[in-house]
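Undergrad: Residues per chain are reported as follows:
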Amino acid sequence: MSGSIEDIEIELLLDAIYRKFHYDFRNYARASIKRRLLHAKAKFGFDSISALQSAVLHDETMLPQLLNYLTVQVSEMFRDPSYFRALREKVVPHLRTYPSLKVWVAGCSNGEELYSLAILFAEEGLTERTMFYATDINPAALRAAQAGVYPLDRLRLFTENHQLSGGRSSLSEYYTANYDRAVFDKSLRERTVFSDHSLVTDAAFGEMHLISCRNVLIYFDRDLQDRAVGLFGESLTRGGFLGIGSRESLRFSAHADLFSDFVMEEKIYRRKAR
Amino acid sequence: MNPRAIVIGASAGGVQALSQVLPHLPADLAVPVLVVVHIPPRKDNALVDLFARKCQLPVKEAEDKETLAPGTIYFAPPDYHLLVETEATLALSSDETVNHSRPAIDVLFETAADAFGEGLIGIVMTGANQDGARGLMAVCEAGGAAIVQDPASAEVATMPAAALAACPSARIAALGDMAAQLETMLG
Chain A
7 MSGSIEDIEI
17 ELLLDAIYRK
27 FHYDFRNYAR
37 ASIKRRLLHA
47 KAKFGFDSIS
57 ALQSAVLHDE
67 TMLPQLLNYL
77 TVQVSEMFRD
87 PSYFRALREK
97 VVPHLRTYPS
107 LKVWVAGCSN
117 GEELYSLAIL
127 FAEEGLTERT
137 MFYATDINPA
147 ALRAAQAGVY
157 PLDRLRLFTE
167 NHQLSGGRSS
177 LSEYYTANYD
187 RAVFDKSLRE
197 RTVFSDHSLV
207 TDAAFGEMHL
217 ISCRNVLIYF
227 DRDLQDRAVG
237 LFGESLTRGG
247 FLGIGSRESL
257 RFSAHADLFS
267 DFVMEEKIYR
277 RKAR
Chain B
4 MNPRAIVIGA
14 SAGGVQALSQ
24 VLPHLPADLA
34 VPVLVVVHIP
44 PRKDNALVDL
54 FARKCQLPVK
64 EAEDKETLAP
74 GTIYFAPPDY
84 HLLVETEATL
94 ALSSDETVNH
104 SRPAIDVLFE
114 TAADAFGEGL
124 IGIVMTGANQ
134 DGARGLMAVC
144 EAGGAAIVQD
154 PASAEVATMP
164 AAALAACPSA
174 RIAALGDMAA
184 QLETMLG
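Residue numbers (the numbering used here), protein chains in the order written: chain A, 7 to 280; chain B, 4 to 190.
Isolated chain B (complex conformation) (with noise of 0.2 Å):
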C-alpha cells in the first residue's frame, strides 16, 4: 500500500492513548493525521494546545476547506464532525449527531476512505461506544489498513471490540506499539 493519510477515532481514555502514539510520530511522518476524540461541545479546543507541547509534529484545530498537508496532527473541533473531500480538503458540518457524538469518529473514517481508498490507515482506540466500527468497515472495503487498540489493554474496550467486530482482518496491536507499526507501514 501507499499510505497517503491516517485517520484516528478515539473515545473515554482517548486523551491518555493518544498521549502514547501521537508523540512517537516521526517529525518527517509524509502523511497528514486526522484524529476525532469525543468531546463534549465546548467552544475551545483544549486537545490541541495539549498534544502541539507532546508532539514532535505541529498540532492544529482543522479548518474548513483546508488543503491537508503531510506531517500535521489535525484535531476535529468540538462540536462539528470533520469530513474529508475528495480532493483532500477538509470540511466541517454541523449535521445530526452520529452514535450520539459529534464529531464522530465514522463520519471522518467513512468520508476519508472514499477520498483515500487504499491508501488510508485506520485506527479506532479505548472507547465506551460503537463509533469507529462501521468507519472502519468502510476504510477495510475501500482496501485502506485497519488497526484496533487490543481491547484487552484498552482503558474501555466497548469500542476496539465492534471496531473488531466489524472489521476482523484489522491489526491488533498494543499502545506503545502503534507508532513503530505505522512508520514500517510508511515505509
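Isolated chain A, as found in the complex (with noise of 0.2 Å):
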C-alpha cells in the first residue's frame, strides 16, 4: 500500500536478505523493522536503505552486524516477576510430576530468560531432570546467552527481579563478580543445548514440558505469529505449558484452540490432550 521510495527499499532489502542468506524477516512487523533499518543505516553512515543493501550483499561482514539491529536483544532476568511466580507456584507442581523435562525457551536472544529458568529450576530442585533448549536466529546472541555475562550494574534490577518472583535463593549465589560484569555460573548451562533455530523457517522441536517464547510474537505479523503458535502446538507434549509476553496473545492464530489458559493474567497456556 505505502509507496514511498523507502519503503520499496525496505521490501527489497529484506528480499535480498532471504534470498541470499534464508533470514526470513519479511513477515515480521513492518513499523518496528522499518525504524530498526533506519537506525542502522544512520548508524553505518549510509545514504540509503539501498547503499545499505548493496553492502549486505557484497560485504560478508556485514550481515552479521545487521542482524544485530534486526534482531532484539532487549531482555532482564526474571522480567515480570510474577510471570516467574505463577511458573513456580502453578506450573512447577505438575512438572514435578514428570520423570524427565523438556524446556524450550525460543528466542532466547542473550540468554536472560534462560539463566532464569535454569535458576527457578534449580531453587526447585528440577535441574537434574531438565533439559533446556535455548535457540534463536542471531549467532551474535546465541553466544552471549552462552557466556552467560551481563553488565553489573544490571543485577541491582536482576536482583530485585528474582526476588519479586519469589525467589528461594539469593541470586548473588550463582553469579561471581568480575570487575564490572557478572559472570554466571556454567553449572546452570550445563544441562543446555543452544541451538540456531527459525520459528519462521525451522521446523518443530519434540515433545516439550514447557515453552517460554515472551515478547517475541510481538515482532511477527498475523501470519507468522500462526505459524509460531502452530509451531508450539506441535512441540509441546500433551498437558505441557506455553508462555508469551504480557501483551501478547494467542487470538489471531487459527491454532489457538490447541491450548487452553492456565494462568490468564500471566499468559500461561496449556496444550489440550485433544
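Bear in mind the hints are in silico, worked out from the structure with no lab data behind them. All values derive from a computational prediction rather than experimental measurement. Don't be surprised by glycine CBs; every beta carbon is placed ideally from N, CA and C. Don't take every hint at face value.
What the hints assert, rightly or not - Here are some chain A residues pointing at chain B (derived, C-beta under 7 Å): (1) Arg32; (2) Ala35; (3) Arg149; (4) Gln152; (5) Ala153; (6) Val155; (7) Ile224.
What the hints assert, rightly or not - Where chain A lies over chain B, by a calculated footprint (3+ residues, C-beta under 8 Å): (8) 57-69; (9) 113-124.
Both chains are sitting in their own frames, so use the hints and assemble them into the complex.
TA: As C-alpha cells, then:
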C-alpha cells in the first residue's frame, strides 16, 4: 500500500537478505523493522536503504552486524516477576510429576530468560531431570547466551526481580563479579543445548513440557504469529505449558484452540490433551 | 486536512493535563486517539481505569495487531512501545528504551506520521524531558498538524518547549482550548 521509495527499498532489502542468507524478516511487523533499519542505516553512515542493501550483498561482514539491529536483544532476568512466580507456584507442581523434563526458551536472545528459568528450576530441585533448549536466529546472541555474562550494573534490577518472583535463594549464589561484569555459573547451562532455530522457517521441536517465548510474537505479523503458535502446539507434549509476553495473545492464530488458559493474567497456556 | 487520527504524548504532569482534554472530547469523535504517557513499567495500567471513568469515549489499553476504531482512546501499555502500522493497525514492541522511556512518544508519533501522513494531528503536553520533539517534527514533515501545550502554562515546560523548538510551526494551545480546537480541525 504505502508507496514511499523507502518502503520499496525496505521490501527489496528484506527480500535480498532472504534470498542470499535465508533469514526471513519479510513478515515481521513492519513499523518496528523500518525503525530498526533506519537506525542501522544512520549508524553505518549510508545515504539510503539501497546503499545498505548493496553493502549487505557484497560485504560478508555486514550481515552479522545488521542482524544485531534486526533482532531484539533487550531483556532482563526475571522480567515480569509475577510470571516467574506463577511458573513456580502453579506450573512447577505439574512439572514435578514427570521423571524427565524438556524446556524450550524460543528466541532466547542474550540468555536472560534461560538463566532465570535455570535458577528457578535449581531452586525447585528440578535441574537433574531437565534439559533446556535455548534457540535464536542470531549467532551473536546465542554466543552471548552461552557466555552468560552481563553488565554488573544490571544485577540490581535482576536481583530485585528475582526476589519479587519468589526466589528461594540469593541471586549472588549464581554469579561471580569480575570487574564490571557478572559471570553466571556454568553449572546453570550444563544441561542446555544452544541452537540456531527460526520460528519463521524451521520445524517443530519434540515433546516439550514448557515453552517460554515472551515478547517474540509481537515482532511477527499475524501470519507469522499463526505459524509460530502452530509450531508451539506441535512441539508441546499433551498438557505441556506455553508462556508468552504479558501483552501478547494467541487470538490471531488458527491454532489457538490447541491451548486452554492456565494462568490467564500471566499469559500461561496449556496444551490440550485433545 | 482530513484528519484520520490524533496522537498525544505527555510526561510529568501528564495525567492532570490529559484530564483537562480527554473528557471533553465528544462521544461522536470520528477518529481514534492514541496516547503515550510516561509511566513506570508496572504490569497493570491504572490510566485506563482512571480515564474510562472520566471520558465520554471508550478508553482501552492498546493491543498488539489491533485494528484502530474511530472514537476510541488507546493508551500504550506500560513497558511497551506503541507503534502504528501502515494499514492502521497497532503494534507493540519491547525494543530498547527511546529517550530513556518505554513507551516513548517519538516511537508512536514517527510511526503514526508514516501511517497517516497529513491525516494526523500530534499533540505534545507537559513533561521534563525531550521525548516527542523528534516525533512531532516527523508529524510536521509528513504534512500533519502539530499542537503544543503552551509551555508557559505547562506543569513542566521542558517537553513542550523542546517540541516547539523542533517544530516551530506548531500551534500553541492552552489545555482548556484543546478539545474545542480539535473539534474545529475535525470539522
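Undergrad: Each hint needs a verdict: does it hold in this structure or not?
TA: Here's how the hints hold up against the structure:
Interface restraint check: arginine 32(A) against chain B, minimum CB-CB distance 15 Å, threshold 7 Å, status violated. Using the Cβ-Cβ criterion of 7 Å, the hint placing alanine 35(A) at the interface with chain B is satisfied: the shortest such distance is roughly 5 Å. Among the interface hints, the one on arginine 149(A) is violated; its C-beta lies about 20 Å from the nearest C-beta in chain B, farther than the 7 Å criterion. At its closest, the beta carbon of glutamine 152(A) sits 22 Å from a beta carbon of chain B; the interface hint therefore is violated under the 7 Å criterion.
Given the 7 Å rule on beta carbons, the hint for alanine 153(A) is violated: about 21 Å separates it from the nearest Cβ of chain B. Violation of the interface hint for valine 155(A) is found here, the shortest Cβ-Cβ separation to chain B being roughly 19 Å, above the 7 Å cut-off. Satisfaction of the interface hint for isoleucine 224(A) is found here, the shortest Cβ-Cβ separation to chain B being roughly 5 Å, below the 7 Å cut-off. For the segment 57-69 of chain B, the stated coverage by chain A holds: 3 residues have a C-beta nearer than 8 Å to a C-beta of that chain, and at least 3 were required.
Remark: the segment 113-124 of chain B is confirmed as covered by chain A, as 4 of its residues place a Cβ nearer than 8 Å to a Cβ of that chain, reaching the required three.
Of the numbered hints given earlier, the model fails hints 1, 3, 4, 5 and 6; all others are met.
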